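There are 2 protein chains.
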Amino acid sequence: MNFKKALEERTEYANSVINKYLLKEEGYQKKVIEAVNYSILAGGKRLRPILMKETFDIFNGKGEVVEPFMAAIEMIHTYSLVHDDLPAMDNDKYRRGKKTTWLVYGEDMGILAGDALLNLSVETALKAFDIDFENKNLSKALKILLNKSGIYGMLGGQVLDVELTGKKIDNKQLDFIFRLKTAAMIESSMMIGAVLAGADDNTVSQIEKIGNKVGVAFQIRDDILDVTGDEIELGKPVKSDEKNNKSTYVTLYGIEQSQKDVDRLSSEAIDIMKSLNIEDEFLTSLILKLVGRNK
Amino acid sequence: MNFKKALEERTEYANSVINKYLLKEEGYQKKVIEAVNYSILAGGKRLRPILMKETFDIFNGKGEVVEPFMAAIEMIHTYSLVHDDLPAMDNDKYRRGKKTTWLVYGEDMGILAGDALLNLSVETALKAFDIDFENKNLSKALKILLNKSGIYGMLGGQVLDVELTGKKIDNKQLDFIFRLKTAAMIESSMMIGAVLAGADDNTVSQIEKIGNKVGVAFQIRDDILDVTGDEIELGKPVKSDEKNNKSTYVTLYGIEQSQKDVDRLSSEAIDIMKSLNIEDEFLTSLILKLVGRNK
Chain A
1 MNFKKALEER TEYANSVINK YLLKEEGYQK KVIEAVNYSI LAGGKRLRPI
51 LMKETFDIFN GKGEVVEPFM AAIEMIHTYS LVHDDLPAMD NDKYRRGKKT
101 TWLVYGEDMG ILAGDALLNL SVETALKAFD IDFENKNLSK ALKILLNKSG
151 IYGMLGGQVL DVELTGKKID NKQLDFIFRL KTAAMIESSM MIGAVLAGAD
201 DNTVSQIEKI GNKVGVAFQI RDDILDVTGD EIELGKPVKS DEKNNKSTYV
251 TLYGIEQSQK DVDRLSSEAI DIMKSLNIED EFLTSLILKL VGRNK
Chain B
1 MNFKKALEER TEYANSVINK YLLKEEGYQK KVIEAVNYSI LAGGKRLRPI
51 LMKETFDIFN GKGEVVEPFM AAIEMIHTYS LVHDDLPAMD NDKYRRGKKT
101 TWLVYGEDMG ILAGDALLNL SVETALKAFD IDFENKNLSK ALKILLNKSG
151 IYGMLGGQVL DVELTGKKID NKQLDFIFRL KTAAMIESSM MIGAVLAGAD
201 DNTVSQIEKI GNKVGVAFQI RDDILDVTGD EIELGKPVKS DEKNNKSTYV
251 TLYGIEQSQK DVDRLSSEAI DIMKSLNIED EFLTSLILKL VGRNK
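Top to bottom, those sequences are chains A and B. When we follow our numbering, the leftmost residue of the first sequence carries the number 1, and every step to the right adds one. When we follow our numbering, the leftmost residue of the second sequence carries the number 1, and every step to the right adds one.
To be clear, the hints were calculated from the coordinates, so they are not data collected in a lab. Please note: incorrect hints may appear among the correct ones.
Since the list gives no way to pick out one identical chain from another, each pair is judged satisfied if it fits inside one copy or across any two copies.
Distance condition first, Cα-Cα at most 20 Å in a straight line; then the derived PhoX-like pairs of lysine-lysine [what the hints assert, rightly or not]:
{"id": "1", "residue 1": "Lys289", "residue 2": "Lys260"}
{"id": "2", "residue 1": "Lys31", "residue 2": "Lys167"}
{"id": "3", "residue 1": "Lys62", "residue 2": "Lys136"}
{"id": "4", "residue 1": "Lys24", "residue 2": "Lys127"}
{"id": "5", "residue 1": "Lys140", "residue 2": "Lys127"}
{"id": "6", "residue 1": "Lys127", "residue 2": "Lys143"}
Given the structure is predicted, the values throughout are model-derived calculations rather than measurements.
Use the sequences and the hints to build the structure in full.
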């Protein structure tokens, strides 16, 4: 398999799905729709929809019922970035080399565009009922989507992260932030793919574990790159954690242990795949790629 | 009927339903849960859940399937207030005589608490599937909930309101803001009650019209009270529109015409009820009360 080509194809497909659910920039709400579209189209790897679709395919999911959820999870991810960047939060002016939403549209519109994205994500996911009304798994998938993005998921991790900014944090707190802020949405992506394809509860809970390990490994890798990475290659400032006096996995455990944990977690994720008899070269390669491993 | 007593009973019931779906203030997310609970428990008339339940009862809705939606719509209403009050928006420090959420918990937590409330509202509404999984109307009710709160509902109205602050606005723009910012959530409350009780599409669309007229009349009445009302009785500052140099219904049409329109719209709402053979003394009294009419 040519991984690069396979990834490109999947990214293109994810983008086409997302585009399908974007709104037309017209009417009295034009400005917020522009801000929403700007935020989504500012780029991004589309990792979550790609993971969702791949997992859906692994479990032989059929039809287009996964598509509204692919768009929805990217919208939730985007809303979280738009709100994170706000002056009252991280006060970031650039993301992926582009001006952040609030910097272009104003702080008030930045708040409203984030709200609009979260609302729109659920509206979009609900369109799955138009595609397959009888599908009993839709409400289950919706519950996962909202649970993993809310207080007991992504948002809960963000809350602790904000609260502890500038403070010394311990390994339990860091683990909590990683599990919720980053891993929850990776878990969600893969679990929803599996649920929509009709996987049973036990399998879905194994998939959740894979998502968790990949998500945490990915976040540790992000902390490592903040120390060792190249600003241009990464497309974002490095050493930002140090500048912000932020406790990270690297400051708590050191680079060597951090790298070991990345390797261990990603290997464990792949081992669970094997135990489920999942043979998916693309997913395996993607996981390794995400955590910076060559094999 | 003793309207005051009937309203008290319904308010108490709405509060008990809302309380059932609040989260325990514990764990690493404790602070945001506190902020969420503070925001919801800071008061409010519970108008939207009361309207929802009354409409549900009018159409002979049975069981508790309406309860998660009652809590959900109050959470959405609350999230919109929490975000509206933010420094980057209306910069309000007090609401209903209490400190606003961001003033108590900080601006960052104000943003996150609003996000948490919107997310939680959908999580809560989804619990209706645990109560009545086979109910085919749940996805329809969810669609109304999210559509009426989103870009083509409440949020869209808020966007135009924010954009036009300090500017002269025309009657079309004001109508748009009233219809979306206020009326959409009143429509939603009543429509969801009807849908969950199994009312047909045609009836639901008549109910939408009632909600629209009541919502717009209610908002015009609010503009009138801002000019003529008493600060202590209202529990909020008066003449704020004038101070903010804000175009309102009253500045556009004058007090006399505004009052006429309130009377006309509320009468039209009651006429539609009659045409549907709805005899509900409480709802009729509530509508009149909302718009400041004695009969």
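Review point. Under a CA distance limit of 20 Å, which applies to Lys289 and Lys260: within one copy, between copies, both, or neither?
Key: Within one copy only: 16 Å inside, 67 Å across.
Point to revise | Lys24 and Lys127: within-copy, between-copy, both or neither at 20 Å Cα | key: within (17 Å within a copy, 32 Å between copies)
Review point. For Lys31 vs Lys167, is the C-alpha pair at or below 20 Å within one copy, between two copies, both, or neither?
Key: between (38 Å within a copy, 16 Å between copies)
Exercise for review: Give the relationship of Lys62 and Lys136 under a CA distance limit of 20 Å: within one copy only, between copies only, both, or neither.
Suggested key: within (14 Å within a copy, 23 Å between copies)
Review point. Are the CA atoms of Lys127 and Lys143 at most 20 Å apart within a copy, between copies, both, or neither?
Key: Answer is both: 15 Å inside a copy and 9 Å across each meet the 20 Å cutoff.
Check your understanding: Checking Lys140 and Lys127: alpha-carbon separation at most 20 Å within a copy, between copies, both or neither?
Key -> Both: 15 Å inside a copy, 10 Å across copies.
Hint violations for this structure: none, all hints satisfied.
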